[in-house]
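I would like the entire structure built from these sequences, with the hints used as guidance.
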Amino acid sequence: NSSSIGRSAASAVAQAPATQTVFGEGPPKAAVMLVGEQPGDKEDLAGHPFVGPAGKLLDEAISELGLDRSTFYVTNAVKHFKYELRGKRRMHKTPAQREVEACHHWLESEIELVRPKAIVALGATAARALLGRPVAVTAERGQWLQRPDGMRVLITLHPSSLLRLHGADRAPALAAWMEDLRKITSLGDAGPGAG
Numbered sequence: 016n017s018s019s020i021g022r023s024a025a026s027a028v029a030q031a032p033a034t035q036t037v038f039g040e041g042p043p044k045a046a047v048m049l050v051g052e053q054p055g056d057k058e059d060l061a062g063h064p065f066v067g068p069a070g071k072l073l074d075e076a077i078s079e080l081g082l083d084r085s086t087f088y089v090t091n092a093v094k095h096f097k098y099e100l101r102g103k104r105r106m107h108k109t110p111a112q113r114e115v116e117a118c119h120h121w122l123e124s125e126i127e128l129v130r131p132k133a134i135v136a137l138g139a140t141a142a143r144a145l146l147g148r149p150v151a152v153t154a155e156r157g158q159w160l161q162r163p164d165g166m167r168v169l170i171t172l173h174p175s176s177l178l179r180l181h182g183a184d185r186a187p188a189l190a191a192w193m194e195d196l197r198k199i200t201s202l203g204d205a206g207p208g209a210g
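Okay, so the sequence shown: first residue is 16 according to this note's numbering, each after it adds one.
Worth double-checking, as some hints may not be accurate.
Claimed, not checked - In silico lysine-lysine, DSS-like type, Cα no more than 30 Å apart, as pairs:
1. LYS44 with LYS132
2. LYS71 with LYS198
3. LYS132 with LYS71
4. LYS44 with LYS103
5. LYS132 with LYS198
6. LYS108 with LYS57
7. LYS71 with LYS44
8. LYS44 with LYS57
9. LYS71 with LYS57
10. LYS71 with LYS103
11. LYS108 with LYS71
12. LYS198 with LYS103
13. LYS198 with LYS44
Said to hold, decoys possible - Distance ranges between label pairs, derived from CB positions:
14. ARG101 with THR200: 35 to 45 Å
15. ALA183 with PRO42: 31 to 41 Å
16. GLU75 with GLY182: 17 to 27 Å
Hints listed in this document are in silico derivations from the structure and should not be mistaken for laboratory results.
Ideal placement from N, C-alpha and C gives every residue a C-beta, glycine not left out.
Shown next as structure tokens:
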């Protein structure tokens, strides 16, 4: 119910020095939900998910696939930006499992309300929040996995991890990520295939 969602949100926000809670956005009946780890610095300041450098890369990938981001529901496993100050810069800090758990009811409520045909887990934190177990993204990426509720989840890298790659490692990682994301273009009325 909405009051338990609010309590979970308040609990999560109370544990982090974020500027604000960053809510999920998108059509209420989107066919695909994209779930990331947590808002970044730009998202925290703007109040919208995936508007920073990782969001720009995600937008470019979605566009390259011939899709429109406005048709996706986009959210994060954790609804606040966890960071540490380095000089004047706020640097990303991976959320603790207790922070993921504090926002879990909220994420589950989003899934229940949207009821997408498929969910894309962008990174290990999102995958763990969705599947309830640790996920080795490099080993399980590109695969459709099933949640206990039957919902299909595509595992792939978080775009921020691609932004940290340089040199010869970046091009093949981007190509593999695009192949993972391409799997959402074949969603039919029955949802994603078993492949």
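Hints and how they fare:
no., hint, in the structure
1, LYS44 with LYS132, "holds (9 Å)"
2, LYS71 with LYS198, "holds (20 Å)"
3, LYS132 with LYS71, "holds (24 Å)"
4, LYS44 with LYS103, "violated (40 Å)"
5, LYS132 with LYS198, "holds (13 Å)"
6, LYS108 with LYS57, "holds (14 Å)"
7, LYS71 with LYS44, "holds (23 Å)"
8, LYS44 with LYS57, "holds (26 Å)"
9, LYS71 with LYS57, "holds (11 Å)"
10, LYS71 with LYS103, "holds (24 Å)"
11, LYS108 with LYS71, "holds (20 Å)"
12, LYS198 with LYS103, "violated (40 Å)"
13, LYS198 with LYS44, "holds (20 Å)"
14, ARG101 with THR200: 35 to 45 Å, "holds (39 Å)"
15, ALA183 with PRO42: 31 to 41 Å, "holds (39 Å)"
16, GLU75 with GLY182: 17 to 27 Å, "holds (20 Å)"
Violated hints, listed in ascending order, are 4, 12; each of the other numbered hints is respected by the structure.
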